[in-house]
Amino acid sequence: MRIIHIALLTIMTFMVATLPSKAIIVVDVNQGHVNPLPIALTNLIGSDQAMTASGSVQQIGEQITQVITADLERSGLFNTIDPRAFINSGASNAAAPQFANWRSIGAQALLTGTIDLIEDGRFQIDFRLWDVLAGTQMTGLRYYTTPNNWRGIAHVIADTIYKRLTGEDGYFDTRVVYIAESGPYLERIKRLAIMDQDGYNHKFLTDGSYMILNPRFSPVSQEITYLSFYNDTPRVYLFNLESGKSEMLGEFEGMTFAPRFSPDGKKVIMSKADNGNSDLFSMELSTRRITRLTKHSAIDTSPSYSPFGRFITFNSDRGGSQQLYVMDNDGRNIKRISFGTGNYATPVWSPRGDLIAFTKQTGGKFYIGVMRPDGTGERILTESFFEEGPTWSPNGRVLMYYRKYPYDNRGGGGETQLWSIDLTGYNERQVLTPLDGSDPAWSPLIDRYN
Amino acid sequence: MLKNKFYAKFLIMIGAALILSACANKKEEVMDNTPAPVAERPAPAPAPAPVVSRIDPLSQEALDSVMGGMAGSMVYFAYDRYDVDASARAILQAQAEWMKGNNVNVIVEGHCDERGTREYNLALGDRRANAAKNYLVAMGVPASRVRAVSFGKERPVDMSDHAKNRRGYTRVN
Numbered sequence: 001m002r003i004i005h006i007a008l009l010t011i012m013t014f015m016v017a018t019l020p021s022k023a024i025i026v027v028d029v030n031q032g033h034v035n036p037l038p039i040a041l042t043n044l045i046g047s048d049q050a051m052t053a054s055g056s057v058q059q060i061g062e063q064i065t066q067v068i069t070a071d072l073e074r075s076g077l078f079n080t081i082d083p084r085a086f087i088n089s090g091a092s093n094a095a096a097p098q099f100a101n102w103r104s105i106g107a108q109a110l111l112t113g114t115i116d117l118i119e120d121g122r123f124q125i126d127f128r129l130w131d132v133l134a135g136t137q138m139t140g141l142r143y144y145t146t147p148n149n150w151r152g153i154a155h156v157i158a159d160t161i162y163k164r165l166t167g168e169d170g171y172f173d174t175r176v177v178y179i180a181e182s183g184p185y186l187e188r189i190k191r192l193a194i195m196d197q198d199g200y201n202h203k204f205l206t207d208g209s210y211m212i213l214n215p216r217f218s219p220v221s222q223e224i225t226y227l228s229f230y231n232d233t234p235r236v237y238l239f240n241l242e243s244g245k246s247e248m249l250g251e252f253e254g255m256t257f258a259p260r261f262s263p264d265g266k267k268v269i270m271s272k273a274d275n276g277n278s279d280l281f282s283m284e285l286s287t288r289r290i291t292r293l294t295k296h297s298a299i300d301t302s303p304s305y306s307p308f309g310r311f312i313t314f315n316s317d318r319g320g321s322q323q324l325y326v327m328d329n330d331g332r333n334i335k336r337i338s339f340g341t342g343n344y345a346t347p348v349w350s351p352r353g354d355l356i357a358f359t360k361q362t363g364g365k366f367y368i369g370v371m372r373p374d375g376t377g378e379r380i381l382t383e384s385f386f387e388e389g390p391t392w393s394p395n396g397r398v399l400m401y402y403r404k405y406p407y408d409n410r411g412g413g414g415e416t417q418l419w420s421i422d423l424t425g426y427n428e429r430q431v432l433t434p435l436d437g438s439d440p441a442w443s444p445l446i447d448r449y450n
Numbered sequence: 001m002l003k004n005k006f007y008a009k010f011l012i013m014i015g016a017a018l019i020l021s022a023c024a025n026k027k028e029e030v031m032d033n034t035p036a037p038v039a040e041r042p043a044p045a046p047a048p049a050p051v052v053s054r055i056d057p058l059s060q061e062a063l064d065s066v067m068g069g070m071a072g073s074m075v076y077f078a079y080d081r082y083d084v085d086a087s088a089r090a091i092l093q094a095q096a097e098w099m100k101g102n103n104v105n106v107i108v109e110g111h112c113d114e115r116g117t118r119e120y121n122l123a124l125g126d127r128r129a130n131a132a133k134n135y136l137v138a139m140g141v142p143a144s145r146v147r148a149v150s151f152g153k154e155r156p157v158d159m160s161d162h163a164k165n166r167r168g169y170t171r172v173n
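In the order they appear, the protein sequences are chains A and B. Using our numbering, read the first sequence as starting at 1 and increasing by one per residue. Using our numbering, read the second sequence as starting at 1 and increasing by one per residue.
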C-alpha cells in the first residue's frame, strides 16, 4: 500500500524580477493568540475549462486555497480575512497586486497564485506571498504535482507561508496515526488508523479483530511501531506503511509494550515485562538485538529519547509513586525530574529538545503539561476529567493528546476524542475523527522531494 | 469421554448436594479444599439437578463455579496494588484445586481501573496477572498451564465502580 506519492513532485524557485525582500512582518509563535496576523488568501486561479477527475482546474485551485486557509486558521497564529471583504480577486495577480486595496481591508500578508494542468498531466502551481505593508514579494515558488495530490501541495504551501512568517518549520504536511475506537464502552474495538493532520485521507490500517494500542511514527521512514494484542499476546510490532506488512519485534516470554523510535529511526525503545516486572530495553532494528537499560523491581515504562538520542526520559514508580525520570541512553545516571503534587506519566521529549511533555494526575483530574528536561519550569496547558498521552508536532509547537469523557448514569458518555493545544496554552481544538479516537502520534514532516 | 462425563455428573451431584446443605453456612466451609465443580446459576427450572448437569466440567462455567455462589474466576485488587489478599487467595486456591482435577489450560487476565495512563496500566495489569498466576503455581498448578496476560485498563466491566475493574480474571483457554 503506497500512501504517499513522493516521486512526481518537484520544486523550483520561481523566476521573478522582484527579489524577495526582508520581511518586516513577523509572527511571534510565543505569543499564541494575542495578535494573529491578518492574511488574505486568494484562490489559485485556474481554467474552468480544463478538467481533472476531481473537477475543473479552477475548482481545484479554490479547494487548495481552502485547505491552506483552514491550516493557517487552525494554528491560531493567523487571522484569515473573509474573502467577501476582498476588493480585488486573485485574478490579476500575475503582476504585482494593488497593495492599497489589500491594506484597506487590514491585510498584512497576501497569497496569490495560479494553477495549470500541463501536458504531462500534472499541475503546475505558482504562488507568491506578499508583504502588503512594504509592497514587496516575500516568497515565490513553483510546484509540480499529480492531480490526486492536490491536498498535499496545499499543506506544503501552508507550511511555506508559516515558515516565512514565523521563522519556524511548519507542521501541516504531516499525518497522525491513532487508535480508532468504536462499539459499546465495555467492548470497545480499538484499531489502528491514519489520517492527514487535518483529518482528511482517513484510513483504517487494521480491521479491529484484535486490539492495537500505543502507535508511534518513525521520525525518518514510513514505519509505525505499536502494541498489538493479536492472539491475546500483547507484543510490540513494526508496520511498514508502504508495503502494508507488519511483523512482531522479537519473540519474548513476557509482554512488550510502550514502544518508541530513536530519533535516527534505527532503534525502538520499549518496556518488556518479565514475570510481572516491567523494565526498559532498546532494540536495534537491523539486528533485533536488545539491550537492557533498567533493572528495578518497580514499573519502568513510557520511554522517550531526547532529540539527539543521548538521553531517555521515562515513567517509574520506583520512588513509591509514578514520577518522571531522565537517564543517559545506556541506563546510567538515573535522575528524578518531577516533584510536584500527584502522579506524573507518559513523558515525551520535544523534537526541539527544550521541553518534556507529560500527563499529570492529581485531585481526581488529569492534566497535560510541559517541563524542562531538568524538571524546572513546570507548566500545565490543559485539564479535564481524563486526558493523557501527548504527542508533539514535528516543530515542537503543538501538542496532540486524547481526552475521555465521564460515563453518564444512563449507559452513555465515555467518548474518547483527539485534541490539540498550542504550547502557549491557547488555541485548544478538537481534532475531528470519523469514530472516537485515542493515542494520537504525529508524523514528521512528509519528505516529498526524494 | 463418556467415562469422564459420567464421572463429572457424579461429582456434580455430590457437589450439588454439598451446596444445598452448605447454602446457609458461612463461606469458609465452601472454601475448603474439596473440589466442587458446581454451577450456582439462577435456576430457571424447578429441579436444579438437570440444569447443573449440563455444565461441561472443563468449561468456563465450571471454573466460574469453583466457589459455589461467589464468582470463582474473579479476584480483586486494591488501588495501584497487585498483592493477592486473603479473599483472593481463597478463590485462587479453589481455582488451583479445580485445575488439578481438570486438565485445562487457563489465561489469567490482569485488569486495571480507568483512572491512569494506558502504558502504566498495562504494566500494572501484568503485575496483577502474574501475582495471580504465581499463586496458582504455588498451589501446585504447573506453570505451563497458566498464561498471564495484561489488558491494562482496556477491558473495563463496570462503568461506575472503579474497584470492580481492578481485577484478575481466570479464563479457560
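Be a bit skeptical, because a hint or two may be false.
Only pairs whose alpha carbons sit at most 25 angstroms apart, straight line, appear in this in silico PhoX-like list of lysine-lysine [stated by the list, open to error]:
(1) Lys365(A) - Lys164(B)
(2) Lys404(A) - Lys203(A)
(3) Lys100(B) - Lys404(A)
(4) Lys295(A) - Lys266(A)
Only some residues are given here: those of chain B computed to face chain A with a beta carbon under 10 angstroms [claimed, not checked]:
(5) Ala71
(6) Asn105
(7) Glu109
(8) Gly110
(9) Ala123
(10) Ala163
Hint data in this document are derived by calculation from the structure and do not stem from the laboratory. Even glycine gets a Cβ: it sits at the ideal position worked out from N, Cα and C.
Against the structure, the hints come out as follows:
1. Lys365(A) - Lys164(B): Holds, because 20 angstroms separates the two Cα atoms, which is no more than 25 angstroms.
2. Lys404(A) - Lys203(A): The given pair, whose Cα atoms are some 22 angstroms apart, holds under the 25 angstroms limit.
3. Lys100(B) - Lys404(A): Violated, because 43 angstroms separates the two Cα atoms, which is more than 25 angstroms.
4. Lys295(A) - Lys266(A): Cα-Cα ~23 angstroms, so holds.
5. Ala71: For Ala71(B), the interface hint is violated, since the closest Cβ of chain A sits about 16 angstroms away, which is over 10 angstroms.
6. Asn105: Where the cut-off is 10 angstroms and the nearest Cβ of chain A is about 12 angstroms from Asn105(B), the hint is violated.
7. Glu109: Interface hint status for Glu109(B): holds (9 angstroms vs cutoff 10 angstroms).
8. Gly110: For Gly110(B), the interface hint holds, since the closest Cβ of chain A sits about 8 angstroms away, which is under 10 angstroms.
9. Ala123: The hint holds - Ala123(B) has a Cβ within 10 angstroms of chain A, the shortest such distance being about 4 angstroms.
10. Ala163: It is violated, given that the least Cβ distance between Ala163(B) and chain A is near 15 angstroms, above 10 angstroms.
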